[in-house]
Amino acid sequence: MIILYLENCKVTAHQQVNETDYIITLQTDQIARVSEAGQFVQVKVTEGFEPILRRPLSIHTVDREKKEIKLYYQILGKGTEILSKVREEEIINLLGPLGTGFDTALENSKALLIGGGLGQAPLLYLAEELERKKNTVFLALGTRDEVSLRNVVCFDDVCQEVSLATEDGSVGFKGYITDNLPEIIETFKPERIYACGPSPMMKKIKEIAKTYQIPCQLSLETRMACGIGVCLGCTVKPSDQSKPYLKACVDGPVFWAEEVLLDE
Amino acid sequence: MNKVDHSFTIGNVKFNNTVLTASGTYGFGLEFAKIIDVSRLGGIATKGLSLEPKKGNPGERIYETPAGMLNSIGLENPGVDSFKKDYLPEAAKLGTKIIANISGSSLEEYGLMAESLESEKDVAALEVNISCPNVKAGGMAFGTDLKMVEKVTEIVKKNTTKPVIIKLSPNVTNIVDFAQAAQYSGADAVSLINTLMGMAIDINKRKPVLGNVMGGLSGPAVKPVALRMVYQVSQKAKIPVIGMGGISNPRDAIEFLLAGANAIMLGTINFREPQMPLDIIEGIEKYCLDNGFNSVQDLVGLAWKEEKHVKTNRCT
Ligand SMILES: Cc1cc2nc3c(=O)[nH]c(=O)nc-3n(C[C@H](O)[C@H](O)[C@H](O)COP(=O)(O)OP(=O)(O)OC[C@H]3O[C@@H](n4cnc5c(N)ncnc54)[C@H](O)[C@@H]3O)c2cc1C
Ligand SMILES: Cc1cc2nc3c(=O)[nH]c(=O)nc-3n(C[C@H](O)[C@H](O)[C@H](O)COP(=O)(O)O)c2cc1C
Ligand code: FES
Numbered sequence: 001m002i003i004l005y006l007e008n009c010k011v012t013a014h015q016q017v018n019e020t021d022y023i024i025t026l027q028t029d030q031i032a033r034v035s036e037a038g039q040f041v042q043v044k045v046t047e048g049f050e051p052i053l054r055r056p057l058s059i060h061t062v063d064r065e066k067k068e069i070k071l072y073y074q075i076l077g078k079g080t081e082i083l084s085k086v087r088e089e090e091i092i093n094l095l096g097p098l099g100t101g102f103d104t105a106l107e108n109s110k111a112l113l114i115g116g117g118l119g120q121a122p123l124l125y126l127a128e129e130l131e132r133k134k135n136t137v138f139l140a141l142g143t144r145d146e147v148s149l150r151n152v153v154c155f156d157d158v159c160q161e162v163s164l165a166t167e168d169g170s171v172g173f174k175g176y177i178t179d180n181l182p183e184i185i186e187t188f189k190p191e192r193i194y195a196c197g198p199s200p201m202m203k204k205i206k207e208i209a210k211t212y213q214i215p216c217q218l219s220l221e222t223r224m225a226c227g228i229g230v231c232l233g234c235t236v237k238p239s240d241q242s243k244p245y246l247k248a249c250v251d252g253p254v255f256w257a258e259e260v261l262l263d264e
Numbered sequence: 265m266n267k268v269d270h271s272f273t274i275g276n277v278k279f280n281n282t283v284l285t286a287s288g289t290y291g292f293g294l295e296f297a298k299i300i301d302v303s304r305l306g307g308i309a310t311k312g313l314s315l316e317p318k319k320g321n322p323g324e325r326i327y328e329t330p331a332g333m334l335n336s337i338g339l340e341n342p343g344v345d346s347f348k349k350d351y352l353p354e355a356a357k358l359g360t361k362i363i364a365n366i367s368g369s370s371l372e373e374y375g376l377m378a379e380s381l382e383s384e385k386d387v388a389a390l391e392v393n394i395s396c397p398n399v400k401a402g403g404m405a406f407g408t409d410l411k412m413v414e415k416v417t418e419i420v421k422k423n424t425t426k427p428v429i430i431k432l433s434p435n436v437t438n439i440v441d442f443a444q445a446a447q448y449s450g451a452d453a454v455s456l457i458n459t460l461m462g463m464a465i466d467i468n469k470r471k472p473v474l475g476n477v478m479g480g481l482s483g484p485a486v487k488p489v490a491l492r493m494v495y496q497v498s499q500k501a502k503i504p505v506i507g508m509g510g511i512s513n514p515r516d517a518i519e520f521l522l523a524g525a526n527a528i529m530l531g532t533i534n535f536r537e538p539q540m541p542l543d544i545i546e547g548i549e550k551y552c553l554d555n556g557f558n559s560v561q562d563l564v565g566l567a568w569k570e571e572k573h574v575k576t577n578r579c580t
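Chains as they are written, first to last, in my numbering: chain A, 1 to 264; chain B, 265 to 580.
Keep in mind that the hints were calculated from the coordinates and are not lab data.
Take these hints with a grain of salt, some might be off.
[As the list claims (entries may be wrong)] Across the chosen pairs, the derived CB separations fall in these ranges:
# : chain 1 : residue 1 : chain 2 : residue 2 : range
1 : B       : Ile-299   : A       : Lys-85    : 21 to 29 Å
2 : A       : Gln-160   : B       : Asn-468   : 38 to 46 Å
3 : A       : Leu-261   : B       : Asp-466   : 16 to 24 Å
4 : A       : Asn-8     : B       : Asn-558   : 33 to 41 Å
5 : A       : Asp-63    : B       : Lys-469   : 36 to 44 Å
[Stated by the list, open to error] In silico lysine to aspartate or glutamate, DMTMM-like type, Cα no more than 25 Å apart, as pairs:
#  : chain 1 : residue 1 : chain 2 : residue 2
6  : A       : Lys-78    : B       : Glu-537
7  : A       : Lys-237   : B       : Glu-316
8  : B       : Lys-319   : A       : Asp-156
9  : B       : Lys-319   : A       : Asp-29
10 : A       : Lys-70    : A       : Glu-221
11 : B       : Lys-415   : B       : Glu-373
12 : A       : Lys-243   : B       : Glu-354
Computed from a predicted structure; not experimentally measured.
Think of the CB as a built atom: it goes at the ideal place given N, C-alpha and C, for glycine as much as any other residue.
With the sequences and hints as input, model every part of the structure.
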């Protein structure tokens, strides 16, 4: 039986990346020990009832020796706003590690990681795992502007090459990273694609991966209440419509592209 | 371990603890068993079961509201046959009582489900959902029509020897009438409240947020309403009352017991604080010890029992 941990974690660092993005480092004996790339934690951001639900955040990276995990998040609404005010030494309650992460059974191969905006959050842990297994890792990252790319240096050690795109053209390719994707694929010739980002981007990547016939994994986001598979609030449509809905929190958040049906 | 007697009884079934978990918020108990010791619970009400498997509603199913949430899951479940075969054997090993929550889209279906579960020794009791507001053809009509509540209760009772708990809808003018209808028709207990119908609108899309338009409100926001209903129903009911709706800490739970609930169920809070059922058990134990009660049942209804006492004194 997989065991989930409900842990009180001390904040050991809380760093602001840019106006809206933060990286929080948390001390956790258990979650750091057992988590896998692509999994997430449910964060209790307040003792009050506003908001009442926990917030799902991907595990950005893990330091098993220091027993620490990092979360990379953006202030979007009240939950993440409250989280951003938490100071070092304070305690936060986490539930995790949750969900089915990336398939990292890949060795001596070439992997393309594609992140859109905050989609870069779970990719660092993945890149580290893939690099450890002697894969060549290529990162393609698309964001709105230059400031959203400030964390990209973290990837330098584990990625052979990094390709950037910004919507405003301030850095790298001007436009969406998906517009540049065929070229990246033709140059790098990846044997596996992993992607995380907004839904229109996931849909596009699914199509491109299909065209090039490259096995592709997508990390999807839905609204979640429980995060453990009981509330049935986090549905994802299966490709086979005769099957029951998939649950993003346990069957995912990472799915094989052909498993899921993505809407606009 | 406990110095206080936490047990209570419905029909001929004795539950070891007054703290249970609510249908639709606990699956079949298997997930939470990875986090806490669920054997300490009085029981687990299963996800609402239907005769046939149900896919549930498309589109957004949950939406957070101030101190609460809306849901329109649409009764997604594997169906009663799969429950018996694939889930019940595992759930039975959890060491707590399993209450099968059933939901029909016709009177006959309620009867068939009760019959189908009759031979399952691991099902301790049936909780009959007559109030699920999510399924267009089902729930609502039964739970808001007194005659239908009587008929559903009768047909379930006719097809089972297990204790039957009728789960009442709060979306009615006078919930006491519905509790009495259930009791009159042979219910062994009533549980209340199911979710309150509500909705939310996305002002950017200018459309309802939930795929099903309307959904059920739960969580701390509904607690005062639920508590009031338990207070009213328990004064009239001669059968046990299970109270729920927004219970989020030991204090809330004790309020429900004092309002007249013989036991309580926890729903939405499990999503946030998986350990809360156990904290509540401990909180009730401590309250009883601190205040000289040997049994949790001694607390039940004290809020109105005292009041009646005072009133009589004044009148005479
Ligand atoms: C498995 C998973 C992993 C995630 N990992 C990360 C991560 O690593 N970093 C990160 O920054 N974010 C991540 N997210 C998203 C993050 O959970 C949300 O941004 C956060 O819950 C927003 O909370 P809030 O209280 O700040 O905003 P809210 O006040 O809840 O919402 C603000 C606005 O965003 C909308 N919204 C919020 N959540 C969602 C959603 N899930 N789907 C659609 N609309 C939504 C709301 O409707 C509202 O308009 C992840 C989500 C999931 C499901
Ligand atoms: C996500 C969700 C699903 C639910 N599903 C069911 C169900 O299938 N059958 C049922 O009788 N009640 C269902 N309920 C209602 C709860 O059992 C309970 O009556 C209600 O949520 C009030 O309690 P709470 O405020 O503690 O959550 C559901 C509630 C939620 C939040
Ligand atoms: S978030 Fe509750 S089932 Fe996935």
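Hint by hint, here is what the structure shows:
no., hint, result
1, Ile-299/B x Lys-85/A: 21 to 29 Å, "holds (27 Å)"
2, Gln-160/A x Asn-468/B: 38 to 46 Å, "holds (41 Å)"
3, Leu-261/A x Asp-466/B: 16 to 24 Å, "holds (22 Å)"
4, Asn-8/A x Asn-558/B: 33 to 41 Å, "holds (34 Å)"
5, Asp-63/A x Lys-469/B: 36 to 44 Å, "holds (42 Å)"
6, Lys-78/A x Glu-537/B, "holds (19 Å)"
7, Lys-237/A x Glu-316/B, "holds (20 Å)"
8, Lys-319/B x Asp-156/A, "violated (45 Å)"
9, Lys-319/B x Asp-29/A, "violated (39 Å)"
10, Lys-70/A x Glu-221/A, "holds (19 Å)"
11, Lys-415/B x Glu-373/B, "holds (12 Å)"
12, Lys-243/A x Glu-354/B, "holds (23 Å)"
Hint check: violations occur at hints 8 and 9; the rest are consistent with the structure.
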